[in-house]
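Taken in order, these protein sequences are the chains called X and G.
Following my numbering from start to finish, the first sequence increments by one per residue and tops out at 315.
Following my numbering from start to finish, the second sequence increments by one per residue and tops out at 1119.
For the record, the hints were derived by calculation from the structure and aren't laboratory data.
Here the structure is a predicted model, which means the values were calculated and not measured.
Hints may be right or wrong, so weigh each one.
[To be verified] Label-pair restraints from in silico Cβ distances:
#1 G:1069 - X:256: 36 to 42 Å
#2 X:116 - G:1065: 26 to 32 Å
#3 X:292 - G:1097: 48 to 54 Å
#4 G:1100 - X:253: 52 to 58 Å
#5 X:22 - G:1102: 55 to 61 Å
Ideal placement from N, C-alpha and C gives every residue a C-beta, glycine not left out.
Spelled out from the first residue to the last, the chains are:
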Amino acid sequence: MPVQDLEKIFQQKIDEEIKIEPKDWMPDAYRKTNLRQISQHAHSEVVGMLPEGNWITRAPSLKRKLILLAKVQDEGGHGLYLYSAAETLGMSREEMINDLHSGKAKYSSIFNYPTLTWADIGAIGWLVDGAAIMNQVMLTRTSYGAYARAMVRICKEESFHQRQGFEILLVLSRGSKEQKEMCQDAINRWWWPSLMMFGPKDSESTNSDQSMKWKIKRKSNDELRQNFIDMIAEQIKTLGMKLPDDKLKWNEERKHYDFGEINWDEFWQVVKGNGPCNKQRLDARREAWENGEWVRDAAAAYAKKRAARQKDKAA
Amino acid sequence: MNFIRKFYYGDIPEDKAGGNIVSKDSKTDWPLWEVFIRSKQGLDHKHAGSLHAADAQMAIENARDVYTRRMEGESIWVVESKYIIASNPDEAGELYEPAKDKIYRHPTFYNLPDEVNHM
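Construct all of the structure, not just a fragment, from the sequences and the given hints.
Here's what the structure looks like:
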């Protein structure tokens, strides 16, 4: 069949909301876009464990340690669901991990910011996971089946993350003067980077949007960002805290919150590797990978030996 | 042709996009396993996802950690992915064609009087 026909059938399926599965024919660019996006998403989950893992031993109580440990374990699991989904498109796990460690593949820039106080763990759960959920809920309906299924699984687990984050801040917001200040300080530092998670403004793009046409994405960056701001601007009232934006104001006409300008220079600086923790994160990943090598080798050797023994027994 | 110019969360532009290497063979990767979970007695095992493990025992233990952290299962099957034989989507038309014109296999094909409509 000529490629044009295959492309036509492919687009028809997308238009009819039929999911694309691993063995189906798909345009090369669709495969690459999904592969890039899913692997970046997987890397983000894995690198996302680092700023939080930093606080497991320092969390203020045994309960908080257990919760944080469970959350970080979830993030590892999410990385795995996503790597598996990406593998169905034909790239091996090892290649993906090598690309992350070599700096060739990207991950969400938000994880290049430091976690300075315990309140940051609350702000990450509430704001960072909250922003991620906006994107992930949309992605449960993405056109590539394996990605959509991974997202359904992840979304089920994410709401625990966001709620525990909000609860951490809630407790702080009702605590001592120092605790309240710590809570506000964390919100001040995480607010703008969280908004940057949705990516550049829609107006930055002049090209027709292939990702939308292929239904990999179903909402624009600005749409998702606005939804997030509207949600958080309401939720923060419960905390009695303030978002660090003088221009944040309900717009009755638009039925949305207006907000101030995002610092896009900072966004691109962090994407390019000049954020506060870019180097530290990648170093930590590489170190974990290298230090784990003997474990991987030992497991492979053990499996080989056992398989050989079983073969002997059978003979 | 450069299709994607608009950047989304999780889609940060890369000089050399990560998606350009396609290969399936890797010497050092542990084999891939498919995981099937029975959520409770009386139900079927259902495909949950896949993972890498050095051997079957490790595959089951990893499956427990990855897919049953919230009591989602009480029984796990694992099978190395290479042993799964799948039908070819390109041949779906011919493969399922025989069932297409046999609507009389469905109960709704039969119009019965209202008195017996719960049959």
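Mind listing which of the numbered hints don't hold for this structure, in increasing order?
As far as the earlier hints go, only 5 is violated by this structure.
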